[in-house]
Amino acid sequence: MIVRVKNLVKRYGELLALDHLSFTVNDGEVFGLLGPNGSGKTTAINCILSLLEYDKGEVEIFGRPMRPDAYDIKREIGIVMQNVAVYNELTVYENIDYFCGLYVEDKKLRKRLVEEAINFVGLKDFKGYYPKKLSGGLLRRLNIACGIAHKPKLIILDEPTVAVDPQSRYKILEGILELNRLGATVIYTSHYMEEVEQICSRIMIIDKGRAIATGTKDELKAMITLGEKITVESQHITPGQLNRLRALPHVMEAEYKNKQLVIKSGKGANNLEAVLDFIKKEKIQYGKIYSELPTLNDVFLEITGKQLRD
Amino acid sequence: MFTHIFCNRLKCLLRDKENIFWTMVFPVLLAIFFYLALSNIQQGEVFQSIKIAVVDNAEYQKAEHLKTALNEAATGKSKLFDLTHAAREEAEQLLEQDKVAAYLFVEGGRPKLAVKKSGIRQSIVKSFLDSYQQTAASVNSILKNKPRDPQQLLNSIGDRRQYVVEVSGTAAEPDSVLIYFYSLIAMACFYGGFLGMREITDIEANISPLAARINVSPVHKLKAFLSSMSASVLIHLAEMFILLLFLRYVLRVDFGSKSVYVVITTITGSLTGLSFGAFISALVKKSEGIKIAILVGGTMTGSFLSGMMYLEMKYIVSQHVPLLAYINPVNLLTDAFYSLYYYDTMSRYLLNIGILGFFIVFFCACTYFIIRRRKYASL
Numbered sequence: 001m002i003v004r005v006k007n008l009v010k011r012y013g014e015l016l017a018l019d020h021l022s023f024t025v026n027d028g029e030v031f032g033l034l035g036p037n038g039s040g041k042t043t044a045i046n047c048i049l050s051l052l053e054y055d056k057g058e059v060e061i062f063g064r065p066m067r068p069d070a071y072d073i074k075r076e077i078g079i080v081m082q083n084v085a086v087y088n089e090l091t092v093y094e095n096i097d098y099f100c101g102l103y104v105e106d107k108k109l110r111k112r113l114v115e116e117a118i119n120f121v122g123l124k125d126f127k128g129y130y131p132k133k134l135s136g137g138l139l140r141r142l143n144i145a146c147g148i149a150h151k152p153k154l155i156i157l158d159e160p161t162v163a164v165d166p167q168s169r170y171k172i173l174e175g176i177l178e179l180n181r182l183g184a185t186v187i188y189t190s191h192y193m194e195e196v197e198q199i200c201s202r203i204m205i206i207d208k209g210r211a212i213a214t215g216t217k218d219e220l221k222a223m224i225t226l227g228e229k230i231t232v233e234s235q236h237i238t239p240g241q242l243n244r245l246r247a248l249p250h251v252m253e254a255e256y257k258n259k260q261l262v263i264k265s266g267k268g269a270n271n272l273e274a275v276l277d278f279i280k281k282e283k284i285q286y287g288k289i290y291s292e293l294p295t296l297n298d299v300f301l302e303i304t305g306k307q308l309r310d
Numbered sequence: 001m002f003t004h005i006f007c008n009r010l011k012c013l014l015r016d017k018e019n020i021f022w023t024m025v026f027p028v029l030l031a032i033f034f035y036l037a038l039s040n041i042q043q044g045e046v047f048q049s050i051k052i053a054v055v056d057n058a059e060y061q062k063a064e065h066l067k068t069a070l071n072e073a074a075t076g077k078s079k080l081f082d083l084t085h086a087a088r089e090e091a092e093q094l095l096e097q098d099k100v101a102a103y104l105f106v107e108g109g110r111p112k113l114a115v116k117k118s119g120i121r122q123s124i125v126k127s128f129l130d131s132y133q134q135t136a137a138s139v140n141s142i143l144k145n146k147p148r149d150p151q152q153l154l155n156s157i158g159d160r161r162q163y164v165v166e167v168s169g170t171a172a173e174p175d176s177v178l179i180y181f182y183s184l185i186a187m188a189c190f191y192g193g194f195l196g197m198r199e200i201t202d203i204e205a206n207i208s209p210l211a212a213r214i215n216v217s218p219v220h221k222l223k224a225f226l227s228s229m230s231a232s233v234l235i236h237l238a239e240m241f242i243l244l245l246f247l248r249y250v251l252r253v254d255f256g257s258k259s260v261y262v263v264i265t266t267i268t269g270s271l272t273g274l275s276f277g278a279f280i281s282a283l284v285k286k287s288e289g290i291k292i293a294i295l296v297g298g299t300m301t302g303s304f305l306s307g308m309m310y311l312e313m314k315y316i317v318s319q320h321v322p323l324l325a326y327i328n329p330v331n332l333l334t335d336a337f338y339s340l341y342y343y344d345t346m347s348r349y350l351l352n353i354g355i356l357g358f359f360i361v362f363f364c365a366c367t368y369f370i371i372r373r374r375k376y377a378s379l
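Chains as they are written, first to last, in the working numbering: chain B, 1 to 310; chain Z, 1 to 379.
Calculated from the structure, these hints are not laboratory results.
Treat the hints with care, as some may be off.
[Claimed, not checked] Some chain Z residues near chain B, calculated using beta-carbon distances under 8 Å:
no.	residue
1	4
2	11
3	201
4	205
5	209
6	215
7	219
8	223
9	371
10	376
Quantities reported herein were computed from a predicted structural model and do not represent experimental measurements.
By construction, the Cβ of each residue, glycine as well, lies at the ideal position given by its N, Cα and C atoms.
Input sequences plus hints: build the corresponding full structure.
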């Protein structure tokens, strides 16, 4: 076990930011912390890193209690903060070298690590650039390079893709998977469910400082009753037809809005077939028809009653 | 680790153009401005002879003693009067046209003064005339009542005996312009506060993400702070020495003969400025803009009260609120420089440096107690 968080409680005055949060991160995992803005993801990370005081709870990293002066533990951790944290007066190379130098004193080794980090994030052509000259995406990549250049065993990335263009986002996500393949355990926080689904081997959904569900994405989806969402584009549906549709087996919900009929059905086979039979029988004219499996947003919606991006 | 942080910090500070401008270029520009604006002040204070006219008529020709006294006052290198002999109408005209400050004439055997307006020059002429008349009256009275040795009396008319002995505490000439330059150096020392402020911003995780990154690294927070602060101290001392050399060798500002003490004072001032900036930054839990406003406002107020914008203010504060003069570090620094230049003894200088030393210890101790915590209540 790489990280163990037990009953973590953090209050900001009256506000309960972390409510007895507990989780573990295993060796070699890409562990995702998914939750809307203000759900407590960054607070949890800052408590784990011993930057923030907390009211109650325990944090262990590599099996040892985490404290501000636990330098041997810190040496094995790489952090990529939510906000870009680099020196504007240092070039790309100098920034990475500076932060790597806080972990690695051997100059020769450091030089090699810095070069590797630059190649890894694709900033080879921008070595001599000052951060102000970099685009948002390149700046994020620099931010990542500064956090991972010393080859840590545990990498914590706090929303590293905020305000990043799709190309850089793809590059960043691919990079995280590559780091994981090279042996690093990763904790990844985000409010983008697609990213978490794409790269995380295990996910914890967090809301109002509480862990509301933890598991692989399939395990999480299995926790809810929704099995399939079928959308039918149709010019006209009568209220009678809608009521008859709702009466079909496995149909949990059916709504007709903006010329779109959305049917949410429970787990079970042949949901789509049953809907198609119904359309034929009722002689409903339709354009497109498609079926979607539940997303993490549906998991969040069913558990909390609100959208992930509310 | 110290060298790694120190060298990178030096790079950062030297490449921070805004910082270099405020801590080095701006004081140099202000010094040039002071030099251009103030270089004629002392020249303007050199006494200029007063232009007066005397009505040269028969009565004046009869007043032998007055003629002698006026001629004496109108001759020599530092003569009191620039004398013009003229007829009454001509003298009237010269006065009317402001070509002379006053004119003298003799009427009924007594010298009289005609002026168009009152002023310093007119008062000097009147004092001269009053003094002449008092002396003439005394001589006449002594000659009339006790004429023992008239020749000795006449010989000693011009003697003035001093009954108060003036003991000077200095061999230096008073120089009010120097106060401006000393205040400028003090202000530049306190602009070092910008560097101190930045050091705190970059080490306190609840102020900047950069500091958070340093705090999660395996480096002791105070070790990182001291390594980084050492670079700031070095940069600021270098900037201050450049300013001193510029003032001394380009603008020819006289720092007196105690050069070593001038350097010590500058180092003390620089450390006070740096520690003051760090203290303000650690103490004020507001945005960077507000901190800068407090630092600049504090420095400028201190400079104003020490006489940088209005020289008399220094004396007003010393006279009416002496405590303020002792708790204003800018004034202490200005005063330390002036003490070095003006006084032969070191007591006043040492008092100023001692109080500044106390301020440095106070600011550093408070900063340490504020930043020593390693976990934050909020970020």
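Going through the hints against the structure:
A least Cβ separation of about 5 Å between residue 4(Z) and chain B falls short of the 8 Å threshold, and the interface hint therefore holds. Of the supplied interface hints, the one on residue 11(Z) holds, with its beta-carbon coming within about 6 Å of a beta-carbon of chain B, less than 8 Å. Hint status for residue 201(Z): violated, given a least beta-carbon distance of 12 Å to chain B, over 8 Å. About 5 Å separates the beta-carbon of residue 205(Z) from the nearest beta-carbon of chain B, less than 8 Å, and the hint is met.
Hint on residue 209(Z) holds. Least Cβ distance to chain B is approximately 4 Å, under the 8 Å limit. Among the interface hints, the one on residue 215(Z) holds; its C-beta lies about 6 Å from the nearest C-beta in chain B, closer than the 8 Å criterion. With a least beta-carbon distance of about 5 Å to chain B, the hint placing residue 219(Z) at the interface is held under the 8 Å criterion. With 8 Å as the threshold, the beta carbon of residue 223(Z) stays out of range of chain B, its nearest partner Cβ sitting at about 11 Å, so the hint is violated.
With a least beta-carbon distance of about 13 Å to chain B, the hint placing residue 371(Z) at the interface is violated under the 8 Å criterion. This hint holds: residue 376(Z) has a C-beta 6 Å from the nearest C-beta of chain B, less than the 8 Å allowed.
Checked against the numbered hints given earlier, this structure breaks hints 3, 8, 9; the rest are met.
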